[in-house]
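We have chain A; now place chain B onto it with these hints.
Top to bottom, those sequences are chains A and B. Going by our numbering, the letters in the first sequence line up with residues 1 to 217, in that order. Going by our numbering, the letters in the second sequence line up with residues 1001 to 1217, in that order.
Treat the hints with caution; some may be incorrect.
Said to hold, decoys possible - Pairwise CB distance ranges, derived in the manner of DEER restraints: (1) 1116(B) x 56(A): 45 to 53 Å; (2) 131(A) x 1151(B): 33 to 41 Å; (3) 1053(B) x 59(A): 33 to 41 Å; (4) 100(A) x 1074(B): 36 to 44 Å; (5) 104(A) x 1060(B): 48 to 56 Å; (6) 1179(B) x 128(A): 45 to 53 Å; (7) 80(A) x 1133(B): 43 to 51 Å.
As the list claims (entries may be wrong) - Chain B stretches covered by chain A per the calculated footprint, using a threshold of three residues with CB under 8 Å from any CB of chain A: (8) 1012-1024; (9) 1172-1184; (10) 1190-1196.
Hint data in this document are derived by calculation from the structure and do not stem from the laboratory. Note that the Cβ used here is the ideal one computed from N, Cα and C, for glycine as well.
Protein chains: 2
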Amino acid sequence: MSHISEPTVRRLSHYYRVLEEVAAEGKWMISSHLLAEREGITSAQVRKDLSSFGSFGRRGLGYHVEHLRQEIRTLLGLDRRWKVCVVGAGHIGSALLGYRGFADQGFDIVAVFDADADRVGRTLEGLVVRPMAQLSARDAFEIGVIATPARAAQPVADALVAAGVQGVLNFAPRKLRVPDGIMLRNVDMTMEFESLSYALTRTTAARPRRKRTRRAP
Amino acid sequence: MSHISEPTVRRLSHYYRVLEEVAAEGKWMISSHLLAEREGITSAQVRKDLSSFGSFGRRGLGYHVEHLRQEIRTLLGLDRRWKVCVVGAGHIGSALLGYRGFADQGFDIVAVFDADADRVGRTLEGLVVRPMAQLSARDAFEIGVIATPARAAQPVADALVAAGVQGVLNFAPRKLRVPDGIMLRNVDMTMEFESLSYALTRTTAARPRRKRTRRAP
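With the rest of the complex left out, here is chain A:
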C-alpha cells in the first residue's frame, strides 16, 4: 500500500479509537455512519478511507469490529512496542509520563532526562530523572519526545538523533531541523485553540441577527 497522507492517518487513529470503544461494549459490527461520528468526517469518507486498504463493509451490516481494529492496528504500527524517552521533566513531560494511554497503544516511556540539576535524581511516575549526559545510543531508544522550553529544543533534537532515535515528537513551540530519514512530528497546542476559534467565529457569524426595529418611513 502506498503512502497515506497525514489527515488520513489522523482519521485512521480516530476510527481505531471508536473501534476500541465499541469493542469494549461487546459490539461485533459497526456502520460507516457510526465510525464517521466526528465533525468533518462523512460516512462516504470512511468508506473511501477503508476501501483504500481493501476493507469493505457489508451493506446493511457494516464493518466487522475486531477484524477492522486489527487491520488499522497493523497499519498504524501499533502491533509492536516502541521504546520512548522523554527529555524535559517539567509540566508537559510530567503530563506525558502520567498518561497511561501511551503504554496501552504500545509506547513505553522508559526514561526521562533533564538538563536541570535540581530535577535530576527525582522520581517521576516511577522513573528517576536522568542527566542529559546519560542520553546515549546504549539505551536504543526508538522515539524521543521533546518537552523542553523552546530555546533548548534544537540541541535536544540533535542529542536525540545522535543517540539513534528514528522519530522525534516535539512539544516545544519551535521549528526543528532533523536529518533526512528521521521522522519529526510537532504538537502545537495552539492549533487546537485555533480550530475552536475558527468554529466559534463561523457559528457566531451564522447566527441570525436580532431584528432591528425600523422607524416608520
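Quick look at chain B alone, frame taken from chain A:
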C-alpha cells in the same frame, strides 16, 4: 465563504505559523512551495486552499506575507480575544497556563478551577486556583478547557456549558457529550504518537533489505 473542513483549518493554522515566522524575518513575499514545507502538504494544495478564499499568489513572486497573514488571522477568528478558563490544575492544566503562545494568538486564560481542596487557593502562573463552585456564568467565559482526569470530564463539561461557554477543548481521554451549538474539540496526544508510529513503520518497511548471499547453485 462556506464551511472549511477540519484538515483545511489545520493547514491554515500551519500557513499562519509559517507566515508569522517569515514576517519576523522581515520577508515580504513567500512562495507556495515554502508555505507547503510540511509532510503531506504540496504547493498545489497550498494554492488550492488559498484560492478557495480568494487569495491568489503572483507567478514567480508568490504571496504577500502581511496581506495573507491578516486574511488567515481573520478567517481563524484570531483578530479578537477569547476569554478562556481551565478546569484542572494538574500537569496538563499547569502546562497550558505556562504556555505564553496562547495569549499571543488571542486566547486569554483568565481563570483556573479545581475540585481538589488541596489545590484551591494555590497560585499557578499568577492565577489563584478557584473551587468548582465558583464556576458560573458571572465570569462570561467563552472557551472552557478540560484538563481533568477522564472520570471527571463529563461533569466538568456539563458545568462549563451551564456556565455559558460556547466552546470546549477537551484534553481528558474520554468522549464527551455537549448540547448542539456548543463546539467541542478533543486533543488526543496518543494520536501524535500514532502518526509517528505509522511513519516509522512505513520507513522501516521501505528500507532496502540487506542482500542475502546466495549459495552458488
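>> Please list, smallest to largest, the hint numbers that this structure does not respect.
In response: none
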